[in-house]
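> Protein chains in written order, with my numbering: chain A, 1 to 282; chain B, 1 to 225; chain C, 1 to 53.
Everything labelled a hint here was simulated from the structure, so no lab data went into it.
Note that this is a predicted model, so its numbers are computed, not measured.
Each hint should be verified, as a subset may be incorrect.
Have a look at the derived ranges for each label pair, beta carbon to beta carbon [as the list claims (entries may be wrong)]:
#, chain 1, residue 1, chain 2, residue 2, range
1, B, Val35, A, Val250, 19 to 27 Å
2, B, Ser76, A, Glu102, 24 to 32 Å
3, C, Arg44, A, Ile39, 24 to 32 Å
Computed list of chain B residues with no C-beta within reach of chain A, every gap over 12 Å [what the hints assert, rightly or not]:
#, residue
4, Val21
5, Gln83
6, Gly212
7, Glu223
Ideal Cβ placement from N, Cα and C applies to all residues, glycine included.
This is what each chain is made of:
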Amino acid sequence: MTSAPANPLASGSEPDQTDAAPVTERRALEGTGSRGSRIVGTLALISLAATALYGLVLSPPDANQGNAARLLYIHVPTATVAYLAFGVTAFGSAMYLWKRTEFWDLLAGASAEVGVVFTGICLLTGMLWGRPIWGVYWVWDARLTTTLLLFVLFLGYLALRRVLVGSPSRAKWSAVAGIVAAVDIPIVHYSTSWWNTLHQGTTISPQKTQMGGLMLFTLGLGFLSFLLVYWWLMIHRFRLQYLETRLDEVGLDTAIAERRAEAGRAGTSGPTAAGPELAEVR
Amino acid sequence: MFRDAALVAGKDLRIELRSRVGLNQVAPFALLVLVLFAFALDPDRGVLRRATPGLFWITVMLATLLAVQRSFAAESADGTRDQLRLSGLDPAGIFLGKLVGIAAELLALEVLLLGGVAILYSAHLRELQLLLPTCLAAAVGLGAAGTLYGALVAGVRGRETLLPLLLLPIVAPVLIGATSAFEAALGGADLTVAQGWRWLALLIVFALVYVGAGILAFGSLLEES
Amino acid sequence: MLADTLNQAGHYWTYVGVGYGAAFVVLSAYSVRTVRRGRKLSRRLPPDQRRWM
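Modelling step: build the complete structure from the supplied sequences, incorporating the hints.
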């Protein structure tokens, strides 16, 4: 919260201090970060910066697509990570129904939310790539349609989780919903691709791009950095969700106190500038 | 399991028959939607007839939402849900029973709507041996997915708005498959009847997958925490 | 055809810029929101309940 980076909550990296004195107690009171998350976050920031540098400056424009190909350095990795995230959600849901431990429920919920964010970025960059290359923002291609449906499916899943907050059966019901949604993915994919081939004749397929070594390297860098971002976000989202459930157990008193604290802080905090991406990691 | 299913389905259908909500409200609503589509699409017969399969199934989807909501409104009122749980009925049986109830209502509605599109949109009902199994498979698939999500959202706040958001993306393959099968059967599009049968196969797979998922998962939906 | 595309390549920068910018904004907004909410909520919970500390 304190926007002065000179007074970092965490730059003192001696972990053995954490259970010592009131000074460290104050530090321990801050946030969902930990030493591990800070390392991952820093790596993610560095590799993101490198991806931007290589993607925007150092890599050459594509012979067919010109500069628009630069969007693929974001689009393809985010798509892959989004599918990975939904896979983690399905896996976590199944594991929850089997093991019934809180961990798997938190994992599934956190991964679904991060996955939705990545899917959103993937759809956005995909549309911005399609406009110059295909001439339209959107085509009813099988992969696009499946991704869009996936986006909506998991928005629904998240809405269900939000509605069920406080219900004793939240974890189990969400797990069932997660699996039901995941089971749908292959059917959706199959039906849309078949529907598409029957109705449109020829589909516009992504033009085959000859990827030079530098372009492949940049793409790999993109994969690495978005995987790291996913990992970092998962750490924080998972812990946040853990906090949410703990607080939920404490009950209404806490909620009231929180509202009061919010009202109190609204006056004092003022416009804390939203720092650049992931800046709060350190 | 099947005896339990028959009990629950019989109960639901008796409620429907006695309250006549399906007859007095849902069926007129579905016909009204058909009329509204005609207004929206300019009753130039060409457009309307080409769009008939899609409009038909959109109408069925909307009616599915109503049917699922009604079916579980009966279950969440007056603690019926707890009594159902305490009754010792097999959860899989309860699932199948609710599914049969919803699917039967949908099937009746689909038959009614077939008459509706034949008259209002002057659709030629050919290839009934493809049309009717499509109606049945789609009704079972919609009923299965609807029963699962209906049980999920029954009793939570905001269920009227949550159910469409959850259910409609799930049943998108049903819409695609059933519409394509109808296009193949009714003619007009460039689909052959043989392709229609493949779509029917997809619908059957969907129905089987969700009936299976429901039988497996319904137990954990009913039990508390 | 190819030359045509390359000549037009200049204005693709708009799409590229918007795409990179949007990805940046979405990711950072979500990250900031998550971290902030984590800090706010963690104040309400005694440290011994946060096992990652």
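> Is the claim that Gln83(B) lies outside the interface with chain A correct, judged by CB distances over 12 Å?
Nearest chain A Cβ is 17 Å from Gln83(B), so the label holds.
> Mind verifying the non-interface call on Gly212(B)? Its CB should be farther than 12 Å from each CB in chain A.
9 Å, violated
> Can we trust that Val21(B) is non-interface, i.e. its beta-carbon lies farther than 12 Å from all of chain A?
Non-interface label stands for Val21(B): nearest chain A Cβ at 26 Å, farther than 12 Å.
> Determine whether the Cβ-Cβ distance between Arg44(C) and Ile39(A) falls within the hinted range of 24 to 32 Å.
With Cβ atoms ~27 Å apart, the hint holds.
> Is 24 to 32 Å a correct range for the gap between the Cβ atoms of Ser76(B) and Glu102(A)?
27 Å, holds
> Against the range 19 to 27 Å, how does the distance between the Cβ atoms of Val35(B) and Val250(A) compare: consistent or not?
Violated: the Cβ-Cβ distance is about 54 Å, outside 19 to 27 Å.
> Using Cβ atoms and 12 Å as the threshold, tell me whether Glu223(B) really stays out of contact range of chain A.
Non-interface label on Glu223(B) violated, nearest chain A Cβ at 8 Å vs cutoff 12 Å.
Going through the hint list in order, the structure does not satisfy hints 1, 6 and 7.
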